[in-house]
Amino acid sequence: MIQLLKKDLRVHRMALFAAAALWTVGPAITWLGWILRGENTSKYLGDYIATMGFAGFFVTVILGALLGGDAFAAERRDRTADFLAMVPVSRAKIILSKLILSIVIISILWAMAMGTLILSTVATPTEFHEYNGNQQSVWYPILCAMSLTIMAFGTAWLLSIFLKEPLGATILALMEMAAIMTLVGIYLNWHPMPDAESFWMFSYLPLFVGMISWVAGSYYYARRVEP
Amino acid sequence: MNPPESNVPDVQYPIDAQHITRVFGKVVATHDLTLRVERAKTCGFIGLNGAGKTTAIRMMVGLLRPHKGTINIMGMPQPAQAHAIKEFVGYVPDRPNIYPWMRVSEAIEFVKTFHRRWNNERSAEMQKLFKLEPTRKVKHLSKGQAAKLSLLLAIAHDPPVLILDEPTSGLDPLVRDEFLEGVLAVTAQREQTVLFSSHTLADVQRLADTVAVMHNGRLLLHTPVDQLLDQTKRIRAVMEDAQGPHEAPPGLLFQQIRGREWLITVEKFSPELIEFVRTRNRVSHLDVEDMSLDDVFKDIVRGQQEAELAREAV
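Just so you know, the protein sequences line up as chains B and L, in that order. Just so we're aligned, residue 1 is where the first sequence starts under the numbering used here, counting upward by one. Just so we're aligned, residue 228 is where the second sequence starts under the numbering used here, counting upward by one.
Isolated chain L, as found in the complex (with noise of 0.2 Å):
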């Protein structure tokens, strides 16, 4: 049976959360997050631990409260219509969580009973995909098989908008790949909005579109990932003497100074940004950079972190 297409609502922003807070206790999971992923683009979501992502992604999925703000997925608000929004989103958890005694068949079985889009050529091309035996128990899967058939019962029902939490954390790199590509697959077929955390950043440059930023409950900053690696650079700049700099660009994220060496990473980078430097500065050599996700991302947290310290002890 094909899946009823018609009933689809037809939005821009198909995760569209505004001002949204969380609080436990005295702890700000999220504060003040605007995050509006467009229709088939693909997030990726990064942060350190606690930085308030899964807190997120648990609001966006209708799986937390928030205490302000507001979501709206597939047009609909969350958790108001949390049961009608099901039918449109897809969720895969860092840890899988299906009910261990049954096996991959009655876990197929179980989610598609409640499912009306539910698409069977999908399910049993996905499960040959990921090679799921059906009567292998839940608990006898092993970690990369359980997340594979965590994202087959996600994306079965050809869900508009897919969000995955870390789903490949813990998994081993031929297994991520495996997984990616399964993702990637139905990804590509569809025009999913997928948005997706991760703290492999080579898998979010690999899959994403945009990347957001989190950072302390906060969004850093929320951006196309082509944009960022082309507008962040690293200047490596070698002073004339010991004296260190005198007056860091602007736009700076992070600078660390080594003896005579001074590495400073820029956002919106520009040749003026070169000329700035040298003619500021006493510096005798200078390069740029391009730079990985992976290093940009270290660079914007490790800039934030000592810009909080600089603010605590102020």
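Next comes chain B alone, as it looks inside the complex (with noise of 0.2 Å):
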């Protein structure tokens, strides 16, 4: 199992500087406006950092799908899935070595950008008190980034075990991702609830279809011949 971690930390190495140097993208972007605009007083530092916390969260749902979609569509791509056919590895550890992998790549960066909301507390706890009376405003957004990376990268999983591109897969997963929370948005539009009910609308229904996605990526995956 260590041997294929360490392969699949290295074949999947591209799709993790990219997600590395998108996750960063967001707290530059932050900082310069902090910068630019003048601001850099203790005062709006925690909303600054908060900002980038958020930003984090939600950039993690691009960096689920690349990963998910890197998955198996890269081997293939690259005609070493062939390779790791011929080995006499079981394909349900080839799928937990990539899950593995996977969950502990988001769960960093989830744990980076929860720790950024922490910081903003602590570097103004004045105002995280005034956020601490209405608690659905810190929670719902991060539940909802939550779910939804976990359906970018079950959604993605599932594309890659078809497709020969990583890339395909990815934007592929997006887009569904979109289209499905956009209808989501239009349904809410037409028949309005309140607000718990409607976060539940967008947290457990990406975690569902992630959750379905994947798991039917990996019985298929790991129920077929070819690789």
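I should point out that these hints are in silico values taken from the structure, not numbers from a laboratory. Careful, some of the hints might be misleading.
Okay, the calculated bits of chain L under chain B, using three or more residues with CB under 8 Å as the criterion [what the hints assert, rightly or not]:
id, stretch
1, 284-292
2, 475-485
Below, simulated DSBU-like cross-link-like pairs (lysine-lysine); rule was C-alpha separation at most 35 Å, straight line [stated by the list, open to error]:
id, chain 1, residue 1, chain 2, residue 2
3, L, K253, L, K295
4, L, K495, B, K164
5, L, K495, B, K93
6, L, K339, L, K355
Ideal Cβ positions, reconstructed from N, Cα and C, are used throughout, including at glycine.
Using the hints, put the two standalone chains together into the complex.
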């Protein structure tokens, strides 16, 4: 398993670099805004850091799609899938190795985003107390972003099992996610719901779609003969 | 550590494909192919590009599911027991597909981790024979060295079945010779069953006990190489006039008429065939020539192509 994990870390290195670069875009823009506006006082610092944290969560959604899309399609594109298929290692182990790697990476980025948010509360404790009364404004976007990450990852994973091009799987997964969320938005516009219920629509639905896609993709990959 | 030998199944036909068919869209890549390779024999698998060799091989090694028919490797059904079969099969593809970023030593270590039957001595021996530098990255290996590494990884677990899919394509003659020496060194030491696909028929003639010819997804013949070369002959007849031949002999594979010269390739040659040609046609002179495997193959395929054209015309 260690050999598989090492291999997967190396195979998906480019996706990781791309994701890391992407992840830094949000904070970089936020910092830049803070510096350019000249509001470099501690009064606004907490807001800026909090924005970075939220941006981190939403960028992780794209990263989830990148990791899922890269999972199998990258090896098929590079023709190394045949090589792996001829080694006596079970499909379950191959799936598990890729899943472990993805979970670890996504968890690290979630932790970084959460750490950034916590930092914002340390930077401006007074303003944090204002937020504290309205926890929805903090937790709802975070949980929603986490669910969307799982959806993006799961659907890209499923597409990656059929496609040869990782970027294609990533883009299709993000498009699918955008389409579903738009439909949810349109539905909620027609049938307004209380905030709490609409929140569940935005978090449970993506979570469900993501997990179903992942299970379906993994089951199909484990059963089929072709690498 | 020496690999465990006791669990190697004892079967007469380690490679046994029965009536396998595989279709891609509207293209029938292999049609009703039945091919059995006897234990410790080497079978040369030949055919034009697109004849269906690679598809057949990919089904045999468990990289493709047949739409019809059954495949047994070492007596185990493929692909149902694909995982167990991998311990007993070494596969060298036409283009090496090892992770390019791995070093030679890393690639060996990676594959070794998963093989219970890995033979360290064999691996070290092949590495030395092929002059593979352990620290060199796969992407920096020459075509020949990558093919040799691929062979090393395929045979270092001492598989009783070795399947090579055009492993020498694109290699220069010297490297090809070195590669084949490697194959011979391994197969001579151990009773391995080998299926060897190649376009270089001289290699097949050198290595193979039997030859299987594929054409348009179908197996035209599978016969011992010696028997094929003994029985297939080219009769060169010079006609008395330019009117052409009257009647071709039975067992005709291919014929060609060039002016008064009539070239006939026949399977199952016998002296009676000469008599047949002489008595049924106005022949002034007649020679019988031995043929190389290359010529036999070309004439078999040309004969098939002509027959197909004739059928289409009808």
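Quick rundown of the hints versus the structure:
Coverage of the stretch 284-292 of chain L by chain B holds in this model, with 5 residues showing a Cβ closer than 8 Å to a Cβ of that chain against a need of three. For the stretch 475-485 of chain L, the proposed coverage by chain B is not satisfied: 0 residues have a C-beta within less than 8 Å of a C-beta in that chain, short of the threshold of three. For the hint linking L:K253 to L:K295, the alpha-carbon distance of about 15 Å falls within 35 Å, and the restraint holds. A distance of roughly 49 Å separates the Cα atoms of L:K495 and B:K164; the hinted pair therefore is violated under the 35 Å criterion.
Restraint check: the Cα-Cα separation between L:K495 and B:K93 comes to about 54 Å, which exceeds 35 Å; the hinted pair is violated. Among the hinted pairs, L:K339 with L:K355 is consistent with the structure: their alpha-carbon atoms are about 17 Å apart, no more than 35 Å.
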